[in-house]
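Engineer: Protein sequence lines, in the order shown, are assigned to chains A and R. Residues 1 to 476 in the working numbering are what the first sequence lists, from first letter to last. Residues 1 to 264 in the working numbering are what the second sequence lists, from first letter to last.
Just so you know, these hints were derived from the structure itself, not from any lab.
Covered stretches of chain A, as calculated for chain R (at least 3 residues, CB under 8 Å):
1. 45-52
2. 64-70
3. 90-103
4. 140-147
Beta-carbon label-pair distances, calculated as ranges:
5. R:Pro9 - A:Leu21: 21 to 31 Å
6. R:Val216 - A:Ala25: 49 to 59 Å
7. R:Leu78 - A:Leu46: 28 to 38 Å
8. R:Pro9 - A:Arg18: 25 to 35 Å
9. R:Thr132 - A:Asp123: 54 to 64 Å
10. A:Phe31 - R:Gly207: 44 to 54 Å
11. A:Arg18 - R:Thr166: 51 to 61 Å
12. A:Leu148 - R:Lys104: 34 to 44 Å
13. R:Val216 - A:Leu172: 41 to 51 Å
14. A:Pro152 - R:Ile177: 16 to 26 Å
15. R:Glu63 - A:Leu168: 37 to 47 Å
Note that this is a predicted model, so its numbers are computed, not measured. Heads up, the beta-carbon is just placed ideally off N, CA and C, and yes, glycines get one too.
Below, each chain spelled out in residue letters.
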Amino acid sequence: MNSRQVIKPFDHGPSAPRQTLVAAALPVALFAAVIVQLTVVNRLPLPGGDAPDLVLLLVAAVAVTTTTMIATVTGFAGGLALDIAPPVSHYAGEYALVFCLVGYLATRVMGAISAASGGAERDPSICLAVVAVAAAAGEAGKAGLGLLLSDPNVTGPAIRHVLPGAILYDLLLTPVVYWLVALVAGLARPESERAPAPVFFGAQRLASVFRLASAGAAPNLRLAGTGAKFEDKRPVRREPKLRLADARSNSLARTNPAGTNSAQPLVAGGRAAKLNFARSGITHHAQSSGPARPRRTPKLNFAVGLPTITPRPRRGPGKGWLDVGRSKPPTVRRAKPGKGWLDDGRRKPPTVRRAKPGKGWLDDGRRKPPTVRRAKPGRGWLDVGRRKPPTMRRAKPGKGWLDEGRRRPPTAKRAKPGKGWLRPARPPRANWYSTGPTTGWIHRSRAKNRWRTRRRSLSGSLLSTVRDLLPTGGRR
Amino acid sequence: MLEARRTRPVLIALLIVAIALITIDFRDGGTSGAHSVGGRLFGPVEHLTDDVTGWFGGGSSAEVSALQQENDQLRAQLAQAQVNSQNLSQLAGLRQLTGADRYKIVPASVIAAGGGYSDTVTISAGSSDGITANETVLNGDGLVGTVIATSPTTATVQLANDANATVGIRMASSGQIGALTGAADSFGGTAALKLTLFSATATLKPGQELVTFGSVGGRPYVPGIPVGTVTTVTTEPGSLTPTALVKPFVDFTGLGVLGVVIST
Chain A
1 MNSRQVIKPF
11 DHGPSAPRQT
21 LVAAALPVAL
31 FAAVIVQLTV
41 VNRLPLPGGD
51 APDLVLLLVA
61 AVAVTTTTMI
71 ATVTGFAGGL
81 ALDIAPPVSH
91 YAGEYALVFC
101 LVGYLATRVM
111 GAISAASGGA
121 ERDPSICLAV
131 VAVAAAAGEA
141 GKAGLGLLLS
151 DPNVTGPAIR
161 HVLPGAILYD
171 LLLTPVVYWL
181 VALVAGLARP
191 ESERAPAPVF
201 FGAQRLASVF
211 RLASAGAAPN
221 LRLAGTGAKF
231 EDKRPVRREP
241 KLRLADARSN
251 SLARTNPAGT
261 NSAQPLVAGG
271 RAAKLNFARS
281 GITHHAQSSG
291 PARPRRTPKL
301 NFAVGLPTIT
311 PRPRRGPGKG
321 WLDVGRSKPP
331 TVRRAKPGKG
341 WLDDGRRKPP
351 TVRRAKPGKG
361 WLDDGRRKPP
371 TVRRAKPGRG
381 WLDVGRRKPP
391 TMRRAKPGKG
401 WLDEGRRRPP
411 TAKRAKPGKG
421 WLRPARPPRA
431 NWYSTGPTTG
441 WIHRSRAKNR
451 WRTRRRSLSG
461 SLLSTVRDLL
471 PTGGRR
Chain R
1 MLEARRTRPV
11 LIALLIVAIA
21 LITIDFRDGG
31 TSGAHSVGGR
41 LFGPVEHLTD
51 DVTGWFGGGS
61 SAEVSALQQE
71 NDQLRAQLAQ
81 AQVNSQNLSQ
91 LAGLRQLTGA
101 DRYKIVPASV
111 IAAGGGYSDT
121 VTISAGSSDG
131 ITANETVLNG
141 DGLVGTVIAT
151 SPTTATVQLA
161 NDANATVGIR
171 MASSGQIGAL
181 TGAADSFGGT
191 AALKLTLFSA
201 TATLKPGQEL
211 VTFGSVGGRP
221 YVPGIPVGTV
231 TTVTTEPGSL
241 TPTALVKPFV
251 DFTGLGVLGV
261 VIST
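Produce the entire structure from the sequences given, and follow the hints as far as they go.
Structural biologist: Below you can see the structure in the form of structure tokens.
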């Protein structure tokens, strides 16, 4: 909608005299272009013997700056004038046909481009490119129509000789013509659209630089010497929180030698990254904003290399245990190892060194469920081992026990997207045949003749693209 | 979007008009009424523009154009005299058509040119000066072309190197006759005309000169106007008629003052 207002030159805004001036400028410019083309440009002894086509360039430039209607009529009028003006060089109506189509299609392409880019203000370089392509297409159209009408002058060698030079001269003149037309079309725009670019003074520019460098971490900037305060008006982003294991973690020390308190997670996109290094129990925030909620925090276990800290007691796998690693039940952490001897890298049962095996040595090698050791199973031990619903133990099934029995993955039940951020998001299938209406059609097409289905869907999408581009795709 | 929908009927209407114009003009061989309307509309403006640009470019004064006109006249008479003296016996019948004194030269200057593929120019004299279609146009160097369309103030000249033009010629030395056609891309590039002699036994040598053979009533070409010289003989070994490339005397890219031969 914005582009449409920009494109329409005679819509509203400029004063009446200027409006009439601009409205009269187009026919005058067209007439002048035809006369200058015939009497001056065509007679110039340019190298190569070719000449640019001013009228074609004008039509193309008008097409990218005004509406479809104006461009179409301009193309027809300019082409017809070139057709019937005195040096009778080709059949009347040839250039009218070609230029009319050039004007119409150039505006449609321009509309499609601005629609694809979200209706933003048009880029002058894109406009220039469209003008150049339209001019080249117009030259080719003139040659093609001459061939079609079997004009004796338009033969293969003649086209090979004339067409490249004509296109080259057109490209050379494209910026000049486009600049002139855009200047006049700019006069027709409302004042508000011609507002000058905002001017920043130095401190403002400096503040923006600091703000950019701090990645949004300094919402209220005070620059020394200026006395001004530059507040960030944008909404505050969610701040990353980091729960760190302890100060001796090597990787984090490498990341930030200043210590654990200033350790910040580097997470792309500024998502609310909460890192819980399980044994420390400390939550590290980039900036403290409210209490951390460890129950909803996906746990990261950095168990290896921390031999002296006693593990936090856990009754069973938490809600997010599937998210960590490869969804193994965390038997290593659960089974109460002695003093951390299990956590060394080699993972050998240290039977040689030990005179008497401790309580948990069986857990390490063969990973049996610790039912053997327990004299009396606790409340939740069945849940831990085999993940069965505790129906046997319940006198009366509660509300959700059926759901539990169906063994849904815990991610399916989650509503909050912040939880599962550790797992890499699976990209959607972006194959060329994934443009069908549903996902099920793939299987259906595989069951049937898949090649035919593919071809039909490809041609259908092509057709829809062409339909988008041609009759209804643009903004105008 | 909405405006595109509104434009589509207009576009279709304009395309139909254009195709209709092409069809009518195609049927009439490029001389439909559209061209005369355009000549009336744009002819005076082209005159005016040529005056302005000529004033800026310090164009030819009246004295120069008078001298050039005289030169053209003398050139035409000389060509006629040469024809008469060299081939008196052969052209006895033709001489009845030509008569040395029946020519009148109307001077004109080029004011516009067709672009692209065609080789046509607009001259500053039209039907109000007595010019009609199919009249020979020459300048001080030789044959330029023929008039194909007129408006009250302007006329369109089809140059001899246009692909539509076919000039009947005669070898100045041997008297063999043939046809000269323009090459399609001769306007900007190497202006070479294609010559085909009618006699299978005639010999072609580079350097031979060509003059116009003439037509009935001097239309579209009066006889005896110099055309060009043979540069390259391109006769194929097995071909029936000798062919050659001809370099015209006239520089078609630098045309200025022309003379139109009108019959009185």
